[in-house]
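Chemist: The lines below spell out each chain.
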Amino acid sequence: MVGMTRKKTLFWLCIFLLPNLLGFLIFIAIPILGSLGISFTDWDLVSTIHFTGFENYKRLFSDPEFWKSFRNTITFIIGYLPSVMILGLACALMLNQKIKLRPFFRAVYFLPVITSWVAVSLVWKWLFNPSYGLINYFLSLIGIAGPNWLTDPQTAMIAVIITSAWKDIGFVMVLFLGGLQNISPSYYEAANMDGASKLRQLFSITIPLLTPTTFFVTIISLINSFQVFDQVMIMTEGGPSGATMTLVQNIYNHAFRYFEMGYASAMSWILFIVIFIITIIQNKLQKRWSNY
Amino acid sequence: MKTEKSGSPKWQLIKNILTYTIICLGGIIMLMPFVWMISTAFKTGAANMVLPPQFIPKEPTTANFTQVFEMFPMFRFLINSVVVAVVTTLGQMLFCSMAAYAFARIPFWGRDKLFLLYLATMMVPAQVTMIPQFILMKQFGWLDSYAGLIVPALFSVFGTFLLRQAFMGIPKELEEAAFMDGANHFTIFRKVILPLAKPTFATLGILTFMQSWNSYLWPLIVTSSQEMATLPLGLSLLQGRYGTNYGLMMAGVLISVIPILAVYLFAQKYFIQGMAMSGMKE
Chain A
1 MVGMTRKKTL FWLCIFLLPN LLGFLIFIAI PILGSLGISF TDWDLVSTIH FTGFENYKRL
61 FSDPEFWKSF RNTITFIIGY LPSVMILGLA CALMLNQKIK LRPFFRAVYF LPVITSWVAV
121 SLVWKWLFNP SYGLINYFLS LIGIAGPNWL TDPQTAMIAV IITSAWKDIG FVMVLFLGGL
181 QNISPSYYEA ANMDGASKLR QLFSITIPLL TPTTFFVTII SLINSFQVFD QVMIMTEGGP
241 SGATMTLVQN IYNHAFRYFE MGYASAMSWI LFIVIFIITI IQNKLQKRWS NY
Chain B
1 MKTEKSGSPK WQLIKNILTY TIICLGGIIM LMPFVWMIST AFKTGAANMV LPPQFIPKEP
61 TTANFTQVFE MFPMFRFLIN SVVVAVVTTL GQMLFCSMAA YAFARIPFWG RDKLFLLYLA
121 TMMVPAQVTM IPQFILMKQF GWLDSYAGLI VPALFSVFGT FLLRQAFMGI PKELEEAAFM
181 DGANHFTIFR KVILPLAKPT FATLGILTFM QSWNSYLWPL IVTSSQEMAT LPLGLSLLQG
241 RYGTNYGLMM AGVLISVIPI LAVYLFAQKY FIQGMAMSGM KE
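If you read the sequences in order, they're chains A and B.
Start counting the first sequence at 1; every next residue gets the next number (UniProt numbering).
Start counting the second sequence at 1; every next residue gets the next number (UniProt numbering).
Simulated from the structure, these hints should not be mistaken for lab results.
Just so it is clear, CB atoms sit at the ideal spot from N, CA and C, and this is done for glycine as well.
Treat the hints with care, as some may be off.
[Said to hold, decoys possible] Keeping only pairs whose Cα atoms sit at most 27 Å apart, straight-line, the calculated DSSO-like set for lysine-lysine is:
| id | chain 1 | residue 1 | chain 2 | residue 2 |
| --- | --- | --- | --- | --- |
| 1 | A | K8 | B | K191 |
| 2 | A | K287 | B | K113 |
| 3 | B | K191 | A | K7 |
| 4 | A | K198 | A | K100 |
| 5 | B | K191 | B | K138 |
| 6 | B | K172 | B | K113 |
| 7 | B | K172 | A | K7 |
| 8 | B | K113 | B | K138 |
| 9 | A | K8 | A | K98 |
| 10 | A | K8 | B | K269 |
| 11 | A | K7 | B | K113 |
| 12 | B | K113 | A | K198 |
| 13 | A | K58 | A | K68 |
| 14 | B | K138 | B | K172 |
| 15 | A | K100 | B | K172 |
| 16 | B | K138 | B | K198 |
| 17 | B | K269 | A | K100 |
| 18 | B | K10 | A | K98 |
[What the hints assert, rightly or not] Computed far set for chain A versus chain B, every beta-carbon distance over 10 Å:
| id | residue |
| --- | --- |
| 19 | S47 |
| 20 | K58 |
| 21 | D63 |
| 22 | I114 |
| 23 | I144 |
| 24 | P185 |
| 25 | Y188 |
| 26 | L209 |
| 27 | M233 |
| 28 | K284 |
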């Protein structure tokens, strides 16, 4: 401020910034550096710490369990990402129209987003119950003998993907609804004048103009899905026989079940590097794709 | 001709029927798990093992609810969740808004660099910080306590960022006039900035409350006793012991969902804003 002395500024900074800054340093900045440090040690919380250089990272690359959890995470993403994007976009397009009870339907589609992963996972675990679950009952109505969803390594990940997509459709929908509102109605008016069909308008106006949103939603969903944990932990704990063991489940197991803090930290840094690369790509491409 | 066809009333009717059918079908898929959860919560164990499944219980019972409170410290879970979510929300709003004000309105040396450092840490996933945070909690003696559940969650870079954005949008002229009248930063913060940024506060508050209420991984790590478990963690403990008693479990789930549902119905707009904005976080 004009006429503000240094002393005065310092006084106000102490009041306004210091509490947050201290918290930031203690609970965010230092832990980040600490995690990097720990990843070069063999610490188990109890015995003395040994600096082991790149041992943990070397071990990671030759650890079949780590690679399995990496592959499982990719499998999850391959199933989850397209489903949640396509269905989320479809819901947004449907609920962007002038229909009756629109707020009600939007609220219904958004409902799973506000509930906890634990609640959702427990409900779906019950739905996937092989003998008395609703899903296998519905399948039996059309003559299909449903599998033992969560105890069969072939189907466990599919069940986790279905649950996750169901929960997140509303979230993706909301982001797309925001994107749709940014498209000026004048484009559609012009297209109507030219006699373009609704389908044509969808592919020539809506989808191209939604590209920045689509890109943005893809990146967020991608980053979130690399961190998938809660639903896996509740529904399968990574089983059966490691079929749903994801990266974060693996980190959790090594840190808080086997107390290999160094090894788990190294794993978390691999996760960070993956997310970092995605973020860099996003920053590079975003400039090219933002067209409003 | 295309334009004629799409405009005819008959075509319009078919289109409407189709649209509503799909929307309703989607709605049923979204609601079905909730309906099934409620239905199960009011059924005895035996009624859950009946095919075809009954959506409306033949002999509805509230036994599951009384049982879940008797066999588990459900009330304690509920209290823990309320305490943790409320304190985290209020605390985070306070700490974030103060820092956001400093970053937006108090010029000081190295401000932009410091803020950039804040922003850079947003890229780092929570899984990286969780191990050192756990070790810190152990050192502080905060394991299995409210402090351990609450304090690390009070400092959110995202919250600081969100509020700073909102504060930056408030015209400088407003406060300059107030400064002329002899007001200080505290008065400006309270009388000018806070009232004008209310919607952003509401959004951040809702988002924080929801995240705290639904949080699972951190309580799982930082607490060890049933006395300190929050609802999501309590439910997972319930599952460990009564994995096959779905009636009991769905009653527990229902209890955990009702409060957040009530808040949602009350402040829908801010929930949706918050979720849309939280997209910026990761």
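Chemist: For a C-alpha distance cap of 27 Å, please report whether K172/B and K7/A respect it.
Modeler: With Cα atoms ~23 Å apart, K172/B and K7/A stay inside 27 Å; holds.
Chemist: Assess, step by step, whether the Cα of K191/B is no farther than 27 Å from the Cα of K138/B, and give holds or violated.
Modeler: violated, 41 Å
Chemist: Say whether it holds or is violated: L209/A keeps its Cβ farther than 10 Å from all Cβ of chain B.
Modeler: Fine: 18 Å to the nearest Cβ keeps L209/A off the interface.
Chemist: Against the 27 Å threshold, does the CA-CA distance of K113/B and K198/A hold or violate the hint?
Modeler: violated, 49 Å
Chemist: At 10 Å, judged by beta carbons, does K58/A keep clear of chain B as stated?
Modeler: holds, 20 Å
Chemist: With d taken as the least Cβ-Cβ distance between I114/A and chain B, does d exceed 10 Å?
Modeler: Incorrect as stated: the minimum Cβ-Cβ distance to chain B is 5 Å, not above 10 Å.
Chemist: Holds or violated: K198/A with K100/A, Cα cutoff 27 Å?
Modeler: Between K198/A and K100/A the Cα gap is close to 20 Å, so the pair holds against 27 Å.
Chemist: Given the hint that K8/A pairs with K191/B, test it: the Cα-Cα distance must not exceed 27 Å.
Modeler: Holds. K8/A to K191/B sits at ~20 Å (cutoff 27 Å).
Chemist: Would you check whether the claim that M233/A is not at the interface survives, using Cβ distances to chain B and the 10 Å cut-off?
Modeler: violated, 8 Å
Chemist: Assess, step by step, whether the Cα of K10/B is no farther than 27 Å from the Cα of K98/A, and give holds or violated.
Modeler: Distance of about 18 Å is within 27 Å: holds.
Chemist: Between K8/A and K269/B, does the CA-CA distance stay at or below 27 Å?
Modeler: With Cα atoms ~40 Å apart, K8/A and K269/B exceed 27 Å; violated.
Chemist: Do the alpha carbons of K138/B and K172/B lie within 27 Å of each other, as the hint requires?
Modeler: violated, 45 Å
Checked against the numbered hints above, the structure breaks hints 5, 8, 9, 10, 12, 14, 15, 16, 22 and 27 and satisfies the rest.
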